[in-house]
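Residue strings, one per chain:
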Amino acid sequence: MSGAATSAPAGSTGRLRTDLDLIAQWIRPGSQVLDLGCGDGELLAHLRDSRGCRGYGVEIADHHVHACVRQRVNVVQANLDAGLRMFADGMFDTVVLSQTLQAMHRVEAVLREMVRVGREGIVSFPNFGHWKHAVSLLAGRMPVTRQIPYQWYDTPNIHLCTPKDFEILAARLGLQITDRALLAEGRPVTVLPALRATLAVYRFETR
Amino acid sequence: MTSPPRSVGSVKPQPYAFSDPLPLASGASLRDYSLMVETYGTLNADKSNAVLVCHALNASHHVAGTYADAPRNVGWWDNMVGPGKPVDTDRFFVVGVNNLGSCFGSTGPMSLDPASGKPYGARFPVVTVEDWVDAQARLADRLGIERFAAVMGGSLGGMQALSWATRYPERVGHCVAIATTPRLSAQNIAFNDVARTAIQSDPDFHGGDYYAWGVVPKRGLRVARMIGHITYLSGDDMAEKFGRALRGKAEHDAYAFGYGVEFEVESYLRYQGDKFSEYFDANTYLLITRALDYFDPARNHGGDLARALAPAQCKFLLASFSTDWRFPPERSREIVEALIRNRRDVVYAEIDAPHGHDAFLLDDVRYHRAVAAYFDNIGREVGA
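As you go down the protein sequences, you meet chains L and R in turn.
The first sequence begins at 311 in this note's numbering and counts up by one.
The second sequence begins at 162 in this note's numbering and counts up by one.
For the record, the hints were derived by calculation from the structure and aren't laboratory data.
Just so we're clear, the structure is a prediction, and the values are computed from it rather than from any experiment.
Glycine residues also receive a C-beta, built at the ideal position from the N, C-alpha and C atoms.
Any given hint might turn out to be false.
[To be verified] Label-pair ranges, simulated between beta-carbon atoms:
hint : chain 1 : residue 1 : chain 2 : residue 2 : range
1    : R       : Asp207    : L       : Tyr460    : 48 to 54 Å
2    : R       : Arg541    : L       : Pro339    : 22 to 28 Å
3    : R       : Gly396    : L       : Gly400    : 39 to 45 Å
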């Protein structure tokens, strides 16, 4: 998961997690940002310091909330599956959900909520269609990899999908995909991305 | 910079007298009043490191430390305020003030009414959260504090902190409001009314002028405290602490088939009630519960809390506790939502803790770590 600084796209600080670095570059300076499942607040802190953005994180874990306070990042401790009622329509320029979609109980609801409270949404998720996963399945075992490092019986990842799966759902929900990046080791994958990318990042808005 | 947590040690309260009449929300005004105050730590040269701690129903200016002549009388938020504690008195100058109408040294119903030379009793004016805040602002003037780095409080104290943020927006850097609510629910008011009825129906109450009779409506106060205490604990907490244990008997011993104190929980509540009725003033209980009932900043804004909080300029830390059914997390979330609508900076911690409303006074690592980290940031901001 840790994108080496050498593989980070140009113009980045090289300190952010790879997908966050890409996401940060998709966000216009000065934007109002909502980061769902914001972890220790590194994206919001980075956006504040390097792009003059402001916003809020939503996070459930106590230690992450504490880390957000230390980073001086606005954070609301809440369960995303309980909804985003706290946020008014169109309050944000961009709503980010990084590497959390696959752990949500109500995937459709959260995607709809993202484009209700924001002008656009950005999601990233591990690509379940990676060839190593297929090999593992062919060998008769659920895959356990760097991107999905959990045993089947204790995984938080209940809604794994492939890029194509996501695109079909997005179309069904009336979401217009405006940007897509399929990454491996932090670099865009151009040859056989559906099989070789470990991570998918999408930007979308309502049609 | 931070040392291991210690007590602020022996402290001394100090009265501050005010002679300018204080206009009250009711239309009445109070002249010649005094406020009992304790301070901890040192006000820095540019007076930027002051923190005001507002108290709840039954507390006072005695926030931290002990008294030389009463070493067991520990301040009510001693685990929060002190050297090396979340609100670090090595960095901050902390002010505790007893509110008007309370019974720990500030002017209240027990004080002599200058107009009659007798205790105010029932004639002490009803004061509101906003009135308290106005009085605290005058105290700040007296202490030379133009702007508090933070105003903080739990429960009713949190209401005062919120009120500071909108009433004196230029005088507050941060508002720290814990286990609080933007208004009491019908159920909250109902509990308060039962408590007040218990006091007012005690034959020793004498319409609030019991001082002249040399009595105290202890029985009423005791019931009031028992009711209040139930609302401070969670059901699970009570089950855990007392269960159905019988006092001085094994669980399976025979019942006494009478109406005396038989269950541990009865014994505990009565002990709490008795203790309380020894030191708390009945008129103060009426007054403070009424101030709680009246607090509703959205009332003058068509019920729109975001509009009510719009004047606030400060940053906010809010915290609530999952098993608090007196002021549950939903109420804090309403405040957070209103603040976000106003695009204010806010941190909201919802602590999963078993101890009900009382949790804000207890040790909880997650809660104290969040407050400590937040105050560390404040300290950096003000150079403390």
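Hints, verified against the model:
1. R:Asp207 with L:Tyr460: 48 to 54 Å: 53 Å Cβ-Cβ, so the 48 to 54 Å window holds.
2. R:Arg541 with L:Pro339: 22 to 28 Å: Distance hint for Arg541 of chain R, Pro339 of chain L holds at roughly 25 Å.
3. R:Gly396 with L:Gly400: 39 to 45 Å: holds (41 Å)
Violation of the numbered hints given earlier is absent; every hint is satisfied by the structure.
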